[in-house]
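These protein sequence lines map, in sequence, to chains A and B. Counted from 1, the first sequence has number 315 at position 315 by the working numbering; the numbering is strictly sequential. Counted from 1, the second sequence has number 42 at position 42 by the working numbering; the numbering is strictly sequential.
I should point out that these hints are in silico values taken from the structure, not numbers from a laboratory. Glycine included, every Cβ here is placed at the ideal spot set by N, Cα and C. Be careful, since some hints might not be right.
Result set (DMTMM-like, lysine to aspartate or glutamate): computed pairs, CA atoms no more than 25 Å apart in a straight line [to be verified]: (1) A:K317 with A:D340; (2) A:K290 with B:E121; (3) B:K293 with B:E182; (4) A:K117 with A:D58; (5) A:K346 with A:E336; (6) A:K29 with A:D93; (7) A:K290 with A:D393; (8) A:K78 with B:E121; (9) A:K346 with A:D58; (10) A:K181 with B:E269; (11) B:K293 with B:E121; (12) A:K195 with B:E169.
Facing chain A, from chain B, some residues (calculated, C-beta under 7 Å) [as the list claims (entries may be wrong)]: (13) P9; (14) G14; (15) L18; (16) E121; (17) V124; (18) G126; (19) P132; (20) A133; (21) T136; (22) T138; (23) S175; (24) Y220; (25) N229; (26) K264; (27) P268.
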Amino acid sequence: MKLTKTVVMTSILALVSGAAWAQDPIALKLGVLNDRSGVYADLSGEGSVIAAQMAVEDFGAADKGMTVEIVSADHQNKPDIASNIARQWIDSDGVDLILDVPTSSAALAVAEIVKEKNKIVMISGGGTSDLTGSKCSPNTVHWTYDTWALGNGTPTALVKEGQKSWFFITADYAFGHALEKDASAAVTAAGGEIKGQVKHPFPGQDFSSYLLQAQSSGAQVIGLANAGGDMINTVKQASEFGITQGGQTLAGLLVFITEVHALGLEAAQGLMLTDAFYWDQNDGTREWSKRFAERHGGDMPTSVHAGVYASTLHYLKAVEAAGSKETEAVMAKMKETPTDDPLFGKGEVRVDGRATHDMYLFKVKAPADSKGPWDYYEQVSVIPAADAWRPLDQGGCSLVK
Amino acid sequence: MFELLGIPPAALFGQLLLGLINGAFYAVLSLGLAVIFGMLNIINFAHGAQYMVGAFVAWMLLNHLGIGYWPALFIAPIVVGAFGIVIERLFLSRLYKLDHLYGLLLTFGLALILEGLFRNEFGVSGQSYGVPASLTGTVNLGFMFLPIYRAWVIVAALIVCLATWLLIEKTRLGSYLRAATENPELVQAFGVNVPLIITLTYGGGVALAAFAGVLAAPIYAVSPGMGSNLIIVVFAVVVIGGMGSILGAIITGFALGLIEGLTKVFYPEAASTMIFVIMAIVLLVKPNGLFGKRA
Chain A
1 MKLTKTVVMT SILALVSGAA WAQDPIALKL GVLNDRSGVY ADLSGEGSVI AAQMAVEDFG
61 AADKGMTVEI VSADHQNKPD IASNIARQWI DSDGVDLILD VPTSSAALAV AEIVKEKNKI
121 VMISGGGTSD LTGSKCSPNT VHWTYDTWAL GNGTPTALVK EGQKSWFFIT ADYAFGHALE
181 KDASAAVTAA GGEIKGQVKH PFPGQDFSSY LLQAQSSGAQ VIGLANAGGD MINTVKQASE
241 FGITQGGQTL AGLLVFITEV HALGLEAAQG LMLTDAFYWD QNDGTREWSK RFAERHGGDM
301 PTSVHAGVYA STLHYLKAVE AAGSKETEAV MAKMKETPTD DPLFGKGEVR VDGRATHDMY
361 LFKVKAPADS KGPWDYYEQV SVIPAADAWR PLDQGGCSLV K
Chain B
1 MFELLGIPPA ALFGQLLLGL INGAFYAVLS LGLAVIFGML NIINFAHGAQ YMVGAFVAWM
61 LLNHLGIGYW PALFIAPIVV GAFGIVIERL FLSRLYKLDH LYGLLLTFGL ALILEGLFRN
121 EFGVSGQSYG VPASLTGTVN LGFMFLPIYR AWVIVAALIV CLATWLLIEK TRLGSYLRAA
181 TENPELVQAF GVNVPLIITL TYGGGVALAA FAGVLAAPIY AVSPGMGSNL IIVVFAVVVI
241 GGMGSILGAI ITGFALGLIE GLTKVFYPEA ASTMIFVIMA IVLLVKPNGL FGKRA
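Chain A on its own, in the form it takes in the complex (with noise of 0.2 Å):
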């Protein structure tokens, strides 16, 4: 098994002289299971295993009596690989906490083990909103962003804004039928229409044809039921074709700052996007990414990055407050303490495992308006918690009474 191993011992106890220990300290083995070398490389990937060391880093471990050692592996978004290497590491490695794991399929598979051996298992890059929903488990918390908080996130936002009419260009697979499902109930929930869809093939290459169909439509927004290189392909293709020029919106429903820093903000130029995170929203963001950034080839980080550093932040004030890392007690604590850092700012999670937070409506800036690398987002306006989530008694979860 291809197996990219970092081991990083992030703290080494140095003896206070004269101190005597008060207890044993508590030895933690965190993993960092997501993509190193596909498609999702670059949003989460090494930044995640720096987000997560920083987040010990900054949480002063070595001073409050605990080891932390972090590993990592590629899970290639392979659900059968991410399961060997989390029964793996669970059962031989003595890995307490599984952090980020992108790629819905493999985040349930994942998830699921995690439950049968009592470990934690904390997500970022995975979206199902089913972690917290229909295959909700109490060993589960769902940070930074889910299919359903994007599918209503960006549409209820542009229909309020008047922008009522949508056409879906939507990859033909589980997540992008999910995707399409969801927005198109956002938007004829808060008043819209849906003028038509398409289907495209995935992973596709030309999305000309479709763009073609949704210009024809005349509807004011296309909705961008689609990630990754086949959304970066149809947002480049949908410039080339002057589709923005023309008055349309392009709304992507998964959009990732990596991604728009490929695509550049001539083509990318306004896109509306919802996340959960962007770089350059207030000093603690700023302070932070700066400093991820030294650490990560001047790249700043990702949504799904910072949900890293959250989530492990999280864990380790809640070990720190149960004084074990018993997986009820620190449980217990991670959903009673509410959740508060300097990049989500303050939330709570919720008895489903899920992390609530504001999210943001997004706009890609012209070049004109941007002032260098990586400023590339204005925001257009704030997505309350309260209505950012799925609320508690839709999801179908069992831990909800």
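Starting from the known structure of chain A, arrange chain B on it as the hints suggest.
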């Protein structure tokens, strides 16, 4: 206004034109593959990766050396073609006497290595490459707004296809080449340097892939995976056209682009499968492909 199967003709023309543009890429890529297979009997699985490298070379020329699109259109194929020549001399030339499978495995491995290296260096999301200033904008064709760059793609692809076909079928050099594939020993005995011709042919085929890569750079995201997305379709095009048939590759490339374009209108979900359905039918009826000569 009349309608065809519920689609207004204006929309249909637009879609056909877009199909033709995609067909232009299929044609140039499958042409390179057909040349390499026809002359060297090598199934060049690295073709998609070489196409990707072509696009990246154009990107690097622009971002590191400030060399724009037009020079890149010539420089990138030469650079990548030269790289192909090195590969041929070092590795492929040792495999001609063996089964096709060895060449296929070698080039497949090469493709994986190239993609891995570029992914490591540039990340998976890729880089952006703008449309050259002289080709920006759109023209109003009445039934659609056609980006000028897309029109240029068709023109460039047609020129390259025609030139390659003429070179191989109508010139003295081409006749040496064709003779050398039929009977290398005899042609060598006449004083023609056959290994050199073969090496140059592989370099030429690879250069075609790189040329398509530069053409694609302003339209598609320049990313390490851009070739592997396309290569399977291009192989289907070559199989339908008849392995090794130059004319077959060109005609099939354009034709399949058109058919795919129509599928995207009438039943978009099947757009990527359609080509393989056609491939299966063609192989049932004409196992050597539409233009294949060999029995």
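Satisfaction of the K264 (chain B) interface hint, Cβ to chain A closer than 7 Å: Since chain A brings a Cβ to about 4 Å from K264 (chain B), closer than 7 Å, the hint holds.
message: Just to be careful, I want the Cα atoms of K290 (chain A) and D393 (chain A) compared with a cutoff of 25 Å; is the pair within it?
response: violated (39 Å)
query: Holds or violated: is there a CB of chain A closer than 7 Å to the CB of P268 (chain B)?
result: With a minimum Cβ separation of about 5 Å from chain A (threshold 7 Å), the hint on P268 (chain B) holds.
message: So, as I understand it, the hint says V124 (chain B) touches chain A; can you test that by seeing if any CB pair is closer than 7 Å?
response: holds (5 Å)
message: So, as I understand it, the hint says A133 (chain B) touches chain A; can you test that by seeing if any CB pair is closer than 7 Å?
response: violated (12 Å)
field: Per-residue hint verdict: E121 (chain B), partner chain A, C-beta under 7 Å
entry: violated (11 Å)
field: Hinted pair K117 (chain A) and D58 (chain A), Cα distance within 25 Å
entry: Violated - the C-alpha atoms of D58 (chain A) and K117 (chain A) are around 29 Å apart, more than 25 Å.
message: Just to be careful: measuring from the Cβ of G126 (chain B) to every Cβ in chain A, is the smallest value less than 7 Å?
response: holds (5 Å)
- request: Let me know if the C-beta of T136 (chain B) comes in closer than 7 Å to any C-beta of chain A, holds or violated.
  value: Violated, about 9 Å.
- prompt: Is the interface hint for T138 (chain B) satisfied, with its Cβ closer than 7 Å to some Cβ of chain A?
  reply: Holds: closest Cβ of chain A sits about 6 Å from T138 (chain B), inside 7 Å.
message: Holds or violated: K293 (chain B) and E121 (chain B), Cα atoms, limit 25 Å.
response: Since the Cα atoms of K293 (chain B) and E121 (chain B) sit roughly 43 Å apart, the hinted pair is violated (cutoff 25 Å).
query: Holds or violated: K346 (chain A) with D58 (chain A), Cα cutoff 25 Å?
result: OK: K346 (chain A) and D58 (chain A) at ~18 Å, within 25 Å.
Checked against the numbered hints given earlier, the structure breaks hints 4, 7, 11, 12, 13, 16, 19, 20, 21, 23 and satisfies all the rest.
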